[in-house]
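Residue numbers (the numbering used here), protein chains in the order written: chain H, 1 to 150; chain P, 1 to 445.
Just so you know, the hints here were simulated from the structure itself, not pulled from any lab data. Glycine included, C-beta positions come from ideal geometry on N, C-alpha and C. Be aware that one or more of the hints could be misleading.
What the hints assert, rightly or not - Simulated crosslink set (BS3-like; lysine-lysine; CA at most 27 Å straight-line):
hint: 1; chain 1: P; residue 1: K81; chain 2: P; residue 2: K190
hint: 2; chain 1: P; residue 1: K264; chain 2: P; residue 2: K410
hint: 3; chain 1: H; residue 1: K110; chain 2: P; residue 2: K81
hint: 4; chain 1: H; residue 1: K100; chain 2: H; residue 2: K60
hint: 5; chain 1: P; residue 1: K278; chain 2: P; residue 2: K67
hint: 6; chain 1: P; residue 1: K190; chain 2: P; residue 2: K202
hint: 7; chain 1: P; residue 1: K2; chain 2: H; residue 2: K100
hint: 8; chain 1: H; residue 1: K110; chain 2: H; residue 2: K100
hint: 9; chain 1: H; residue 1: K60; chain 2: P; residue 2: K278
hint: 10; chain 1: P; residue 1: K64; chain 2: P; residue 2: K2
hint: 11; chain 1: P; residue 1: K190; chain 2: H; residue 2: K110
hint: 12; chain 1: H; residue 1: K60; chain 2: P; residue 2: K64
hint: 13; chain 1: P; residue 1: K308; chain 2: P; residue 2: K190
hint: 14; chain 1: P; residue 1: K11; chain 2: P; residue 2: K81
hint: 15; chain 1: P; residue 1: K409; chain 2: P; residue 2: K81
hint: 16; chain 1: P; residue 1: K202; chain 2: P; residue 2: K308
hint: 17; chain 1: P; residue 1: K308; chain 2: H; residue 2: K60
hint: 18; chain 1: P; residue 1: K81; chain 2: P; residue 2: K67
hint: 19; chain 1: P; residue 1: K202; chain 2: P; residue 2: K71
hint: 20; chain 1: H; residue 1: K100; chain 2: P; residue 2: K202
hint: 21; chain 1: P; residue 1: K278; chain 2: P; residue 2: K264
hint: 22; chain 1: P; residue 1: K308; chain 2: P; residue 2: K81
hint: 23; chain 1: H; residue 1: K110; chain 2: P; residue 2: K2
hint: 24; chain 1: P; residue 1: K202; chain 2: P; residue 2: K67
Stated by the list, open to error - Each pair of labels, with its calculated beta carbon distance range:
hint: 25; chain 1: H; residue 1: L76; chain 2: P; residue 2: A375; range: 22 to 32 Å
hint: 26; chain 1: P; residue 1: D139; chain 2: H; residue 2: L76; range: 46 to 56 Å
hint: 27; chain 1: H; residue 1: R27; chain 2: P; residue 2: Q109; range: 26 to 36 Å
hint: 28; chain 1: H; residue 1: R99; chain 2: P; residue 2: K81; range: 46 to 56 Å
hint: 29; chain 1: H; residue 1: T79; chain 2: P; residue 2: K410; range: 29 to 39 Å
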Amino acid sequence: MSAVAEQIRIRSLTELDIARITAIDERLTGVYRPEIWERRVMFYLRRDPDASQVAELNGKVVGFMLADIRGGEFGLEETSGWIERFGVDPDFQGRSLGRKLFEAVVEHLKGQGATTVRTLVEKGDADLAKFLRAIGFQDASLTALEIRIS
Amino acid sequence: MKVEQTTLPKKYHDAVLHWQRHNFPDYGLLPESWQKYFPSDPEFCLCAKMEVGMGDTVEVGDAKGQKRREKPEELGEEPAKHLLAIIRAQASTEFGSIQQHEGTLARAQDDEDRFWVLRVMAEELRHGYQMFHLLVSQDWSGVSGQKAEEMVEEILSMQTGSHVLDAFNLEYDSFVDNVVFAAVIDRVGKYQLSMQRVCSYKPFAASMPPMLREEAFHLAAGVIPMRRWVQRAAQGNVLVTMSAIQKAFNKWMPRGLEMFGHEKGGDSNIRFGFKNMKNAEAQSLYYDECTRMVADLNQRFIRARVPKLSPEEAEALADRLIRDRGRHDGISHEDLIQLPDRGFFRRKGDAAFTMVGFSGETFTDVEEYVRHLAAHLPEPYLHSRDMKQYVETLRAVAAGTITRDQAIKKMPSLKRVGGMCPCSKSVRWVMDSAEDPAPKRPSAN
Chain H
1 MSAVAEQIRI RSLTELDIAR ITAIDERLTG VYRPEIWERR VMFYLRRDPD
51 ASQVAELNGK VVGFMLADIR GGEFGLEETS GWIERFGVDP DFQGRSLGRK
101 LFEAVVEHLK GQGATTVRTL VEKGDADLAK FLRAIGFQDA SLTALEIRIS
Chain P
1 MKVEQTTLPK KYHDAVLHWQ RHNFPDYGLL PESWQKYFPS DPEFCLCAKM
51 EVGMGDTVEV GDAKGQKRRE KPEELGEEPA KHLLAIIRAQ ASTEFGSIQQ
101 HEGTLARAQD DEDRFWVLRV MAEELRHGYQ MFHLLVSQDW SGVSGQKAEE
151 MVEEILSMQT GSHVLDAFNL EYDSFVDNVV FAAVIDRVGK YQLSMQRVCS
201 YKPFAASMPP MLREEAFHLA AGVIPMRRWV QRAAQGNVLV TMSAIQKAFN
251 KWMPRGLEMF GHEKGGDSNI RFGFKNMKNA EAQSLYYDEC TRMVADLNQR
301 FIRARVPKLS PEEAEALADR LIRDRGRHDG ISHEDLIQLP DRGFFRRKGD
351 AAFTMVGFSG ETFTDVEEYV RHLAAHLPEP YLHSRDMKQY VETLRAVAAG
401 TITRDQAIKK MPSLKRVGGM CPCSKSVRWV MDSAEDPAPK RPSAN
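Only chain H is shown next, with the shape it has when bound in the complex (with noise of 0.2 Å):
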């Protein structure tokens, strides 16, 4: 495991990543969606491309955590760093990547001025919100509502 562990690196997104995180997303629901990858690495890439990081295995990338940081959203005037996707490939799960991952995006984000981390989990998704409160997440007093229109 300790000779595993010295060949991972966590380093920031970059536009050649995209092709390992769709297929990491791939394994993950089945889906092949390069389009929808292409569109967030490009977003996240514009705005601050250290806030993203990947986690990397002997050069192959098998993990991804998307964030940015912003501000005044939803009333909250504080700086606020956002984690929206995150993902690790199945056969490398466990070793914990996804810790490392959001220990990296927190650092830089600490560093940009931010003072809280969000996201938003599916209620359904027990495995993701088992996993954000081991990192370290609590409930927030936001509650996310919806309205289907058409």
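Model the placement of chain P on the given structure of chain H, informed by the hints.
Frame of chain H; chain P shown alone:
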């Protein structure tokens, strides 16, 4: 991590805007379209951005461990001259790329691609502005023999054909060049900026992180449109073909490799603490990264053509097709993109004028090599003055009338020389003004 934003003294700020009016008329479209294409992104700022909190200690070279230099005279004469040449070359590339992009910007088939490139151009303008800040905020006259305004004037007077580096002296043939240039040539920029983060001259080092963050978008503005073109090409769209993309790679890759400098060089940069890698090492990493970019494009093509394949199967198929020069599932190796050999079509460095072919084969007959180049380069580029001059020089080397070293020095021969502002032959870009504010405002960015 904080960034301090600085505006140039008014006469220089105005000179940049004056240059923009002549060379970058589409700049005005950016603010009015910003919310549509870049919603919620911070607005574009034409200013110099200096990273606050860079380390105070020299990281590499003879002065490693000493305090970073903050004034040119602290560097010593030879290092200061060397760094000044780097800053001027960097400034030339920034303004030069805008002139190149502008020529074919309006030909983009997709508005989103066009506005991405437009933002790239605006950020290149900011990077040129950043280099001017370095030139005019300190006194370089001891090593330049010029006043600051003369240096600025000289750079703003350059045109495609008279820039410092060859890659910025080639006209674009179509919007394919805008995109491939962003993916291939801006990638060299990323390497240079990354290496220069360690620079022993603190103001230069502090300029790099904000530029690098913007460069990440530039590379994406190259790679993502190409990924979409490749997918459409796989589905039968004939408007942007794999062959067109391949030929654009063949046009730009040799110039990109040469931007690192001679493969045997780079010692001075390390010794003076300006960069942390020698030319050959950086060039090799760059070539490997371009190889990965092309592999991703090929995988995107194959998955669009044969959706049943997994990512791993698509990657393996691409490798097999290229290795065996074969055909499978209706895909030929010729449908895929490959990087030209490092020695292909070179005019600088180890392989200059050695007649290395696309796949690394060596030619002995110059006319056969010219036909090989003609088959691998974009047709409109073959009609260019640059190409004619290259072929004439190559023929002279092959005939023994000039040596390779002489040929290297001949390229590029200036097609156009710089000039004063085209508004009037008597008006210069930089004009003195009574107002001369240089406000500084800190900003978390």
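Quick rundown of the hints versus the structure:
1. Pair hint K81 of chain P plus K190 of chain P holds up; C-alpha atoms about 23 Å apart against a cutoff of 27 Å.
2. Among the hinted pairs, K264 of chain P with K410 of chain P is consistent with the structure: their alpha-carbon atoms are about 20 Å apart, no more than 27 Å.
3. Among the hinted pairs, K110 of chain H with K81 of chain P is inconsistent with the structure: their alpha-carbon atoms are about 39 Å apart, more than 27 Å.
4. Note on K100 of chain H and K60 of chain H: the hinted pairing holds, with a Cα-Cα distance of about 16 Å set against a maximum of 27 Å.
5. Only pairs whose Cα atoms come within 27 Å are accepted, and K278 of chain P paired with K67 of chain P is accepted, the gap being roughly 23 Å.
6. Of the pairs offered as hints, the one joining K190 of chain P and K202 of chain P holds, with about 19 Å between alpha carbons and a cut-off of 27 Å not exceeded.
7. Simply put, K2 of chain P and K100 of chain H have alpha-carbon atoms about 24 Å apart, close enough for the 27 Å limit, and the pair holds.
8. Between K110 of chain H and K100 of chain H, the direct Cα distance comes to roughly 15 Å. Compliance with the 27 Å bound is thereby established for this hinted pair.
9. Distance restraint check for K60 of chain H and K278 of chain P: the Cα-Cα separation of roughly 26 Å lies within the 27 Å cut-off, and the hinted pair is therefore satisfied.
10. Only pairs whose Cα atoms come within 27 Å are accepted, and K64 of chain P paired with K2 of chain P is accepted, the gap being roughly 25 Å.
11. Annotation: proposed proximity of K190 of chain P to K110 of chain H holds, straight-line Cα distance about 25 Å (limit 27 Å).
12. Distance restraint check for K60 of chain H and K64 of chain P: the Cα-Cα separation of roughly 34 Å exceeds the 27 Å cut-off, and the hinted pair is therefore not satisfied.
13. With a CA separation close to 36 Å, the supplied pair K308 of chain P and K190 of chain P exceeds the 27 Å bound.
14. Taking the CA atoms of K11 of chain P and K81 of chain P, the gap is near 25 Å; set against the 27 Å cutoff, the hint holds.
15. Restraint check for K409 of chain P and K81 of chain P: satisfied, since their Cα atoms lie roughly 21 Å apart, inside the 27 Å limit.
16. Pair hint K202 of chain P plus K308 of chain P does not hold up; C-alpha atoms about 53 Å apart against a cutoff of 27 Å.
17. Between K308 of chain P and K60 of chain H the alpha-carbon distance is near 23 Å, which keeps this suggested pair within the 27 Å criterion.
18. Our distance criterion of 27 Å between C-alpha atoms is met by K81 of chain P and K67 of chain P, whose separation comes to about 20 Å.
19. Of the supplied pair hints, the one linking K202 of chain P and K71 of chain P holds, its CA atoms being roughly 8 Å apart against a limit of 27 Å.
20. Distance restraint check for K100 of chain H and K202 of chain P: the Cα-Cα separation of roughly 32 Å exceeds the 27 Å cut-off, and the hinted pair is therefore not satisfied.
21. Note on K278 of chain P and K264 of chain P: the hinted pairing holds, with a Cα-Cα distance of about 8 Å set against a maximum of 27 Å.
22. Only pairs whose Cα atoms come within 27 Å are accepted, and K308 of chain P paired with K81 of chain P is rejected, the gap being roughly 58 Å.
23. The straight-line distance between the Cα atoms of K110 of chain H and K2 of chain P is roughly 11 Å, inside the 27 Å bound, and the hint therefore holds.
24. Simply put, K202 of chain P and K67 of chain P have alpha-carbon atoms about 9 Å apart, close enough for the 27 Å limit, and the pair holds.
25. In this structure the supplied range 22 to 32 Å is violated for L76 of chain H paired with A375 of chain P, their Cβ-Cβ distance being about 60 Å.
26. At about 47 Å, the CB distance of D139 of chain P to L76 of chain H agrees with the hint of 46 to 56 Å.
27. The hint said 26 to 36 Å for the Cβ distance between R27 of chain H and Q109 of chain P, and at roughly 33 Å that hint holds.
28. Remark: the range hint 46 to 56 Å for R99 of chain H to K81 of chain P is upheld by a beta-carbon distance near 50 Å.
29. Roughly 55 Å separates the CB atoms of T79 of chain H and K410 of chain P, a value that falls outside the hinted 29 to 39 Å.
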